[in-house]
Amino acid sequence: MKKLIELENLTKEFNGQVVLKGIHLDIHENEFMTLLGPSGCGKTTTLRIIGGFEEASAGEVLFDGIDISKLPPHKREINTVFQKYALFPHMNVHDNIAFGLKIKKMDKSIIDQKVLKILTLVGLENYGNRHISQLSGGQQQRVAIARALVNEPKVLLLDEPLGALDLKLRKAMQVELKNIQKEVGITFIYVTHDQEEALTMSDTIVVMNDGAIQQIGTPTDIYNEPENRFVAKFIGESNIVEGLFVKDFLVEFDGQQFVCVDKGFDEGQEVDIVLRPEDLDIVEVGQGKIEGVISSILFKGVHYEIMVETSERTYTVHTTDINEIGKKVNLDFWPEDIHVMEKMGTY
Amino acid sequence: MKQFRKLVTPYCLWLFLLTVVPMLLIVFYAFTEKGTAITTFSFTLENFTKFLDPIFVSVLFRSLKLGLLTTGVCFLVGYPIAYMIAKCKDTTQTILILLITIPTWINLLMRTYSWISILSNNGLLNKLFEAIGMNSVNMLYTDFAVIIGMVYNFLPFMILPIHASLTNMDKSLLEASQDLGASPIQTFFKITFRLSLSGVLTGITLVFLPSISAFVIPKMLGGGQYSLIGNFIEQQFITIGNWHFGSAVSLILAVFVIGLMALIFMAEKRTNNSVEEEEGGWLSNAKRKKVR
Amino acid sequence: MRKERKSVRILWIGVCLFFLYFPLIIMAVFSFNDAKSLTHFSGFSFKWYGSLFENTQLLDAVLVSVSIAIIATIVSTILGTITAIALSKSKKIVRTSILQVNNLPIMNPEIVTAIALMLFFSFANIEKGYMTMLLAHIAFCTPYVITNVLPKVKQLDPHLADAAMDLGATPFQTLMKVIIPQIKPGILAGALFAFTMSFDDFIISYFVSGNGVENISIVVYNMTKRLNPSIYALSTIVLVVILFALLIGTFVPYILVKRKGVKMNEEVN
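Those protein sequences? They're chains A, B and C, same order as listed. Using our numbering, count along the first sequence one by one with no gaps and you end on 347. Using our numbering, count along the second sequence one by one with no gaps and you end on 639. Using our numbering, count along the third sequence one by one with no gaps and you end on 908.
One should not assume that every hint holds.
Here are a few chain B residues that sit away from chain A, every Cβ distance over 12 Å (derived from the structure) [unchecked claim]: (1) Leu364; (2) Glu393; (3) Phe398; (4) Ala478; (5) Ile479; (6) Thr514; (7) Ile587.
One side only, chain B facing chain A, incomplete, derived with CB under 7 Å [to be verified]: (8) Lys381; (9) Glu477; (10) Ser519; (11) Leu520; (12) Glu522; (13) Ala523; (14) Gln525; (15) Leu527; (16) Gly528; (17) Ala529; (18) Ser530.
To be clear, the hints were calculated from the coordinates, so they are not data collected in a lab. Backbone N, C-alpha and C fix where the C-beta goes; we use that ideal spot for every residue, glycine too.
Build the full structure now, drawing on both the sequences and the hints.
Here's what the structure looks like:
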């Protein structure tokens, strides 16, 4: 796929505080990219720099190979879906969506056609004359998306657009957004702090923290092969264990050596090891790898969340099997369930 | 908490005595004339037919003209200022708004009094004109002086509500407009100005209404014979002593002003129908903004 | 380009502030003038301040203005607060109709209110003087107190009063210990409003007073024809007092809030 946007050494300071520490990122055509991270990690600032609402302190934004860092927002072929939609309260749905087209002085008949088409796309055919205040949150959300998409931008920026919706609607909109993206076939850059949302929709996830990119990868990569402790902790619940990389395909933690599938670290290097709760099995004593006692059981709907206390630490296990508190058990896992990561500062 | 309900009674009585009865008296006087005996009154509509008198028509016309001019000047000067203040940093804004408000806390007559010495024939302004080699201009006791005095006194009431409506505006709406391709100037006219209209309407109300019924400023800066509706009413009561005609003029003025406020209220509701109004609250809100 | 725009902004705001403050500065400067001229500054002196304190007419007017403002503020604040609380508990129809009438003096041109009150006092055969002025001031101040206090009362959690009475407080104790402290900001704002309205009033006082009872505004009005620097001296004193009160009233809470804000930020971080 062709590179559409390149961020080169993007840096941003606010009143002497560094919010972005030299970001490098390539965004491709037709890609659904998510910037994921906790609040204050710099993801929204990155988005606002791409949109032209914020000027970078240093670095470049290349669009189709041309530097657009100094271009004001109204001259960029990029549109934004704002966090709280930012729909104009003095216009109805039709006029909100037609705003950008009217600015471009298009024919009224063409505008009406385009507006109707895009309203159909977001499922609001008959809402053109409605006033903004008469719409529900989900409907306002769709209007905001339609208003941006009708201008046929090459890139759509979305700043936590689902944050204001309730859980059920959010899930439905996730699917819908992904479908819309496939249908219009343009690049979406999506900002969120919700890892589940990111995993569901994205082609590429960029995990950010503290103004720097932690990892770039597909959802499966990010989930299964977190590059560091931060990513592992941020994406889903994890058991993160400090260990030693003995040699290729062999690690040591909790005083035992285990076969794994990782290679390429230095021999004897200190590493962090991730064991996902759903990868751990609770088995009868003597049949597993680590001994422990069940200290608590929480029912979570689909599964049980069980704490197993071992001599070294407490492991979190997700299982559908029924167990009882106080029972002595063993923990079992496969070599491919062990994810070895570079050790870095604790979070 | 229903025990507290009956506490409303004293104020009800008070309102009846000092608001309702006095207003009814105006109506009563407006529709009557003195009878033959001192204590008798008879019904008449003559007080209202007197309005067709060219003298009164010219007074009315003049009041409207000066009111509109004052409001226009206040708007043209005040909007840019409100806009520029809204663009400043937060602390600067607080200080500037305070600076704009302070003069309104000082007695209107005292403030206006100072303009006499500035505008008079051998006043400061004319001295300045002479110093730079210009002829002195007769300014005091002219329309110009009255408008200057009214703009000076009412300008803050235009700036403050407009500034409030500008700062209450959601900044992301302006970003959205630019994002959709509108230049900063297009954004200003299509979004910013439209969304500040409620503030503009409040400002116009707070300037236009006091300026058409103004009475002290035209008297001080416009000279004794200078006649606007306010002065006309005063003359009828104090100098001429025709309480009936004076009451009729007052009644007309009250109906006109209250009717206009109701119209503006409806216009405001239309421009801003997302904002819910408190019962009967808007009109008093408009005036309440004066203090802030 | 940006710099240019900024300087235009500073210039425009500067000119506007100059326009608003120039007359006040002129007033203050010429109050210290040696001569009687209000256009030519011939030397510094305090003589107009001296003559101010010999001018019994002006001093009486100051006394009238201050005493009426204080009494009218106290009465209208108490009356307005009680009414606002009562209104919040009344039936909707009672509340709306009373508020409509209450809005009349606010919406009416001041001169109409003045005429109406004047007609009333002459109709009721009350001799015009200090008492009529005071009654009139209470009448036009109270509506403003109500419009300031009522929203605060409405924001109150209705269960607060229930809770207080549940814990054994009498209605009066509930009022004094629970409701009033909660709506204090509204009451203070209303009282401040009432005070400035009363202190600065001219039109209504002018029409309803008589028998030589004059407040500052009326004296200033009567002196329009004969310029008198003593008025400047008085205005300057009033200006300084107001500025001082504003300084205390605005900046002290502002600084306190700011300090608190900083503290809260620190806690968050």
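Quick rundown of the hints versus the structure:
no., hint, in the structure
1, Leu364, "holds, 44 Å"
2, Glu393, "holds, 49 Å"
3, Phe398, "holds, 40 Å"
4, Ala478, "holds, 47 Å"
5, Ile479, "holds, 44 Å"
6, Thr514, "holds, 16 Å"
7, Ile587, "holds, 50 Å"
8, Lys381, "violated, 55 Å"
9, Glu477, "violated, 50 Å"
10, Ser519, "holds, 4 Å"
11, Leu520, "holds, 5 Å"
12, Glu522, "holds, 5 Å"
13, Ala523, "holds, 4 Å"
14, Gln525, "holds, 4 Å"
15, Leu527, "holds, 4 Å"
16, Gly528, "holds, 5 Å"
17, Ala529, "holds, 5 Å"
18, Ser530, "holds, 5 Å"
Of the hints listed earlier, those the structure fails to meet are numbers 8 and 9, in rising order.
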